[in-house]
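2 protein chains.
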Amino acid sequence: MEIGDWRNKIDELDEQIVKLINQRAEAARAIGELKRTSELPVYEPKREQQVFDHVCRSNPGPLADTELLHVYERIIDVMRTLQRREN
Amino acid sequence: MEIGDWRNKIDELDEQIVKLINQRAEAARAIGELKRTSELPVYEPKREQQVFDHVCRSNPGPLADTELLHVYERIIDVMRTLQRREN
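Residue numbers (this note's numbering), protein chains in the order written: chain S, 32 to 118; chain B, 32 to 118.
Calculated from the structure, these hints are not laboratory results. Keep in mind that the hints are not guaranteed to be accurate.
[Claimed, not checked] For lysine to any residue, the following SDA-like pairs were computed, each having C-alpha atoms within a straight-line distance of at most 20 Å:
id	chain 1	residue 1	chain 2	residue 2
1	S	LYS40	B	GLU75
2	B	LYS40	S	TRP37
3	S	LYS40	B	GLU104
4	S	LYS40	B	GLY63
5	S	LYS50	B	HIS85
6	S	LYS50	B	GLU46
7	S	LYS50	B	ARG38
8	B	LYS40	S	VAL73
9	S	LYS77	S	GLN114
10	S	LYS40	B	ASN39
11	B	LYS40	B	GLY92
12	B	LYS50	S	VAL82
13	B	LYS40	S	ASP108
14	B	LYS66	B	LYS50
15	S	LYS66	B	ARG38
16	S	LYS40	B	LYS66
17	S	LYS50	B	GLU43
18	S	LYS77	S	PRO93
19	S	LYS50	B	LEU44
20	S	LYS50	B	PRO91
21	S	LYS66	S	LYS50
22	B	LYS40	S	LEU65
23	B	LYS50	S	ARG88
24	S	LYS40	S	LEU51
25	S	LYS40	B	ALA95
26	S	LYS40	S	PRO93
27	S	LYS50	B	ASN39
28	B	LYS66	B	MET32
29	S	LYS40	B	ARG111
30	S	LYS40	S	LYS50
31	S	LYS77	B	GLU43
32	S	LYS40	B	LYS77
33	B	LYS50	S	TRP37
34	S	LYS50	B	ALA95
35	S	LYS40	S	PRO91
36	S	LYS66	B	MET32
37	B	LYS77	B	ARG105
[Said to hold, decoys possible] Stretches of chain S that chain B covers, calculated by requiring three or more beta carbons in the stretch to come under 8 Å of a beta carbon on chain B:
id	stretch
38	48 to 56
39	72 to 78
40	82 to 95
Treat the numbers as computed from the prediction; the structure is a model and nothing was measured. Beta carbons: idealized from backbone N, C-alpha and C, even for Gly.
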């Protein structure tokens, strides 16, 4: 495969990743609403640690756990902002 | 659905997201090798802009484009490091 073929492959993967991150945002938004009605805090460090642990356990490579966590820190950051926005 | 149900849903989504980000890394690594043999630079701002544009065009919401780009900046950053590591 040439560079152009790999880039087409990456574009296809990005479409799926974008879709899934948005589905994750829908779920985070629903949780944000439930937290609001239950008066629970948006920031729950214990749950965030569980997410990071689960991500590392699910990691097949070639990315190192630290590299994947680097991405997930941003995902969690964006989701937390989304939950606050809905409050 | 209760918070626990949504969190199970998020865990399932994360497993898929982790898998796809790693597939993306495999493709980026392959491109890194081709760049090396062709003596092309790792950093290609024009291609990175194309990726960001494509991500925004593929965005169904509820995330805003800026939020999605916030995540993608990290993805691209990690992929670039990966390509350098292989060099």
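State the violated hints by number, sorted upward, taking the hints as numbered earlier in the document.
2, 10, 14, 18, 21, 25, 28, 39
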